[in-house]
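Protein chains in written order, with UniProt numbering: chain A, 1 to 607; chain B, 1 to 350.
These are computed hints drawn from the structure, not numbers from a lab. Incorrect hints may appear among the rest.
Straight-line C-alpha distance at most 25 Å; calculated SDA-like pairs for lysine to any residue [as the list claims (entries may be wrong)]:
#1 LYS22/B / TRP554/A
#2 LYS22/B / PHE536/A
#3 LYS22/B / ARG546/A
#4 LYS511/A / PHE18/B
#5 LYS110/B / VAL480/A
#6 LYS390/A / VAL96/B
#7 LYS272/B / GLN512/A
#8 LYS518/A / LYS110/B
#9 LYS281/A / GLU323/B
#10 LYS281/A / ASP205/B
#11 LYS547/A / SER24/B
#12 LYS544/A / PHE18/B
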Amino acid sequence: MSNEATLHSHHEVTHGAAAHDHGNGHDEHHHEDSFISKYVFSMDHKMIAKQFLITGIIWAIVGAGFSVLFRLQLAFPDSTFPFLESILGHWAKGGRITPEAYYALVTMHGTILVFFVLTAGLSGTFSNLLIPLQVGARDMASPFMNMLSYWFFFMASVVMTCSLFVQTGPASGGWTSYPPLSALGDASIGSKIGMDLWLTSMALFVVSQLLGGLNYISTILNMRTKGMSMTKLPLTIWAFFFTAVLGVLSFPVLLSGFILLLFDRHAGTSFYLSELFVAGKALSNEGGSAILYQHLFWFLGHPEVYIIILPAMGMVSEVLAINSRKPIFGYLAMIGSLFAIAILAFLVWAHHMFVTGLNPFLGAFFVLLTLLIAVPSAIKVFNWLTTIWKGSIRFTPGALFSIGFVSTFISGGLTGIWLGNSSIDIHLHDTYFVIAHFHIVMGVSAFFGMFAGIYHWFPKLYGRYLNGTLGYIHFWITLVGAYCIFWPMHYEGMAGMPRRYYDYSNWESFKQFAELNKFISIVVFIVFATQLLFVFNFFYSIFKGRKLTTTNPWDATTLEWTTPIHPGHGNWPGEIPEVHRWAYDYSKDGKDFIPQTVPLGPDETAH
Amino acid sequence: MSGFLAVLVVVLIFIVIFQIAKASEYVSILKGEKKARQQNNRINGFLLIAFLVLGLIGVYYCNELLKGKILGEAASEQGDSIDNMIMWTLVITGVVFVITQILLFWFAFKYQEKEGQAAFYFPHNNKLEVIWTVIPAIALTILVAIGLRHWFAITSEAPKDAMVVEITGKQFNWLIRYPGKDGQLGSKFFKNINDATNPVGQDWDDNLNKDDFMATEMHLVVGKPVKLIIGSRDVVHDVGLSHFRLKMDAVPGIPTTLWFTPKFTTTQMKDKTGNPDFVYEISCDQMCGAGHYSMKANIVVETQQEFDAWVAKQKSQYALAHEAEGSGAPAQPVAPKEAKDSTQKAVAAL
Chain A
1 MSNEATLHSH
11 HEVTHGAAAH
21 DHGNGHDEHH
31 HEDSFISKYV
41 FSMDHKMIAK
51 QFLITGIIWA
61 IVGAGFSVLF
71 RLQLAFPDST
81 FPFLESILGH
91 WAKGGRITPE
101 AYYALVTMHG
111 TILVFFVLTA
121 GLSGTFSNLL
131 IPLQVGARDM
141 ASPFMNMLSY
151 WFFFMASVVM
161 TCSLFVQTGP
171 ASGGWTSYPP
181 LSALGDASIG
191 SKIGMDLWLT
201 SMALFVVSQL
211 LGGLNYISTI
221 LNMRTKGMSM
231 TKLPLTIWAF
241 FFTAVLGVLS
251 FPVLLSGFIL
261 LLFDRHAGTS
271 FYLSELFVAG
281 KALSNEGGSA
291 ILYQHLFWFL
301 GHPEVYIIIL
311 PAMGMVSEVL
321 AINSRKPIFG
331 YLAMIGSLFA
341 IAILAFLVWA
351 HHMFVTGLNP
361 FLGAFFVLLT
371 LLIAVPSAIK
381 VFNWLTTIWK
391 GSIRFTPGAL
401 FSIGFVSTFI
411 SGGLTGIWLG
421 NSSIDIHLHD
431 TYFVIAHFHI
441 VMGVSAFFGM
451 FAGIYHWFPK
461 LYGRYLNGTL
471 GYIHFWITLV
481 GAYCIFWPMH
491 YEGMAGMPRR
501 YYDYSNWESF
511 KQFAELNKFI
521 SIVVFIVFAT
531 QLLFVFNFFY
541 SIFKGRKLTT
551 TNPWDATTLE
561 WTTPIHPGHG
571 NWPGEIPEVH
581 RWAYDYSKDG
591 KDFIPQTVPL
601 GPDETAH
Chain B
1 MSGFLAVLVV
11 VLIFIVIFQI
21 AKASEYVSIL
31 KGEKKARQQN
41 NRINGFLLIA
51 FLVLGLIGVY
61 YCNELLKGKI
71 LGEAASEQGD
81 SIDNMIMWTL
91 VITGVVFVIT
101 QILLFWFAFK
111 YQEKEGQAAF
121 YFPHNNKLEV
131 IWTVIPAIAL
141 TILVAIGLRH
151 WFAITSEAPK
161 DAMVVEITGK
171 QFNWLIRYPG
181 KDGQLGSKFF
191 KNINDATNPV
201 GQDWDDNLNK
211 DDFMATEMHL
221 VVGKPVKLII
231 GSRDVVHDVG
241 LSHFRLKMDA
251 VPGIPTTLWF
261 TPKFTTTQMK
271 DKTGNPDFVY
281 EISCDQMCGA
291 GHYSMKANIV
301 VETQQEFDAW
311 VAKQKSQYAL
321 AHEAEGSGAP
331 AQPVAPKEAK
341 DSTQKAVAAL
């Protein structure tokens, strides 16, 4: 269905901002200008993107701030910090974080960053911003559902925030919330009301993801502008597409797992509970399987890491190509590898469960499929390397973060080959090696992709630039700091040092790392402060940044740069431009770049 | 006060950085976009190559600094094969790491924008793409093959002569049960659990239980395979044996097993590590609640002789429980006849 046909057939939902609607729509939608409908309950995908981004930034400060607090405990387990008592109250009596508070902080750090920042903040922001702009649509397939998607996320945020303030504290069983620990309030204080709020919040979050994801998919499939065949799409869109598919197929499974957990908590069922003796008495539950939850959880949990990393991959591909002034190398292979990763993402979940007593024969298949993912990942890395090879690279902050992304993706990806092999995992499972691995590959990398996106598309979001010098400082301290934090953790993991420990000083096997833990924490504090610098830059530049004077600041080919500097709702004041070529005609035939809207020359062959 | 000063210093640093950043933005506007970009390119190009060189030195230095702290030689035969696997993986991934990082930063440095040097239009090359699909695929096949050989060896059936020890996790310690002279663990049922007299819920009607004894430390015989029967009373725990390079979850309701052969006695390890306080520790490796970090038990690996002497001194839990009963402690509830037997289940699952 063409874009125009869609607009007409869904006139009531897709808005009349489109110019070819000749005023009809405008008359109906004059209330568009009120503050509430423009900034709060906006249905403009660009405003929703900003809402996701700013909410994500706030959550990132909270989530990373929590890590600063628990790193304080890990670095100085014997010291007291009176200021902690003033912010955490009885959770840090005498200035030392209690174990309960420590585990709550760890759990919230994981939940917030994985779901609220790197899922909603990253793919929510950029899928919303870029899908309509890059495929050439005036808005999402359903702007109303899109708005709901943000507001469900907002409600999830509110509930999660509330859980931080309840008497018994927030959930504290780790971001994975394995039962029976998460099912029994008697087993852990965080499994009382805090866990219910956590589950409620996550359920709202799943709804938000489904509303968003269905919208992204239908927009990409149905609302591309004239000439925009699927193989002319920029890789960002392909990445968002696969991300949305992953989310739509796997989040419901997570929700079902959560619902069963709620039943076990409150309805007396025994889906996950069996033969338990807790707090001095035997429970009546029999016949459940705690492992069932892990299967349901990781059936989302593993695709989730690709939900986080695929958008970053897409944006990095785009930013690297633009700033190298070269086409992305192996466009079709890039799509193919995204597709392969998306498929394999569903077939590897049990590699998180090699030591649960999983049948070793079954484990063997998960080893094979897990290591198979390294092949498409390797293709992507080599293609990025070839993209910058013989390029003419401009080191914008976006480009630097993209290079940093490739570096950390390599480092963290390679340790995935260690952990995916069950015979190594049996030693390294749940140690700091795992922490190092996933923080580098889906924490730091995904953040680098996100930063690349923010620096690159900030001009489209706000019509101004972010301050470049602050961007460079931000990049260099973050890159060096990230490696200083996570690289040595591999060694702690090799020693078998378990994750989620409040204090290692009583362990003969692990206490040799006390000095190292101190070093890591100090770097954490510096890196965190640097992120605040970025946040300052972000908000300052919204109002005071250098103004854009051209619609296409990076000399890019894609459609979003054909819109005005401050595009209104509907994106293009006139007709939606028609597309004639792929998105990567950089340095072709002696021209620096050829926008997608330029028709092929008489002697030119399409890509 | 010192906290306030620290905040003040950070804020001042922020302001200084911000002023510099603002000033340099003005300068770059005055200079013109192109010239400013060239300058930024030169600086960042240099930093990228410096990061590569210093980073690789840092990787080497970090290794020198920390390699002595990662527990040394594995203390079990299974651990040796895991270390061997790690070695292979380290070599392959290490080579890829060094090559790709060098290419990345070297290309970035070398191909930075320069006057009169255009980018090379190079959209794809099937041959190259096939090469870097096939080579990783081969390398990974090798790793999978070696890995699975070790995996099946480690998860194989324990040898017939293996001694059996049961370890049960609870918040927040480990309960260790030996089968006693008959070499067989008696049946148990969670509703029999009584923290004072019967921590794992043994069924006293089962004669196999009469000689089973509980221990606070796990004693193992050097060179003799041991099969652990792992369970949990409450939440999921994990028996972490870092010196032996092994671990296995303790799941309530679903017994798991793990077997290995210790290579060195505790005394030998004290010599090997040069640490007179050396002790094999069982850590809990699965988040299990507020006391997770303190959930520890020790393992003593000793010679057969020492082990036999230790066993001779142990008193069966049955005797202990019934002594307690005799001296007026609360009576042991008799297990219901239809009680399920979770130990049998474990044996059936093996």
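Practice task
Output the numbers, in ascending order, of every earlier hint that fails for this structure.
Solution key: Numbers 4 and 8 - these are the hints that the structure violates, sorted from lowest upward.
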